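Trainee: Sequence:
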Amino acid sequence: MKSPWSLRDNPVSLAVTVVGLLVVLLAFGWLTVRIGSLWTRNYVRRQIQLGE
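Last residue of the sequence shown: number 52 in this note's numbering, and the count goes up by one each step with no gaps.
Mixed in with the good hints, there may be bad ones.
Claimed, not checked - Listed next, with one range per pair, are the computed distances between beta-carbon atoms: (1) V23 with I48: 35 to 41 Å; (2) G51 with V12: 29 to 35 Å; (3) L25 with R46: 29 to 35 Å; (4) R45 with P11: 46 to 52 Å; (5) A27 with G51: 34 to 40 Å; (6) V18 with V44: 37 to 43 Å.
The hints are simulated quantities; they were obtained by calculation from the structure and are not laboratory data.
Computed from a predicted structure; not experimentally measured.
In this text, a Cβ means the ideal position worked out from N, Cα and C, and glycines have one as well.
Full structure from sequences and hints, please.
Mentor: Following this line, the structure appears as structure tokens:
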């Protein structure tokens, strides 16, 4: 039984898989940067308040 989504036999599905992985990685990286910058900003603000 052959799967219609066999990557070796279907270059289109391979391309879709690669593009999907890239999109997921980009979205994950963007979220990580957003959360990291927000956390850093809050941390710096807290340190400044403690220093006063």
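Trainee: Compare the structure with each hint and give your call.
Mentor: Evaluation of the provided hints:
no. : hint                     : result
1   : V23 with I48: 35 to 41 Å : 38 Å, holds
2   : G51 with V12: 29 to 35 Å : 58 Å, violated
3   : L25 with R46: 29 to 35 Å : 31 Å, holds
4   : R45 with P11: 46 to 52 Å : 51 Å, holds
5   : A27 with G51: 34 to 40 Å : 36 Å, holds
6   : V18 with V44: 37 to 43 Å : 39 Å, holds
Taken one by one, the earlier hints fail for this structure only at number 2.
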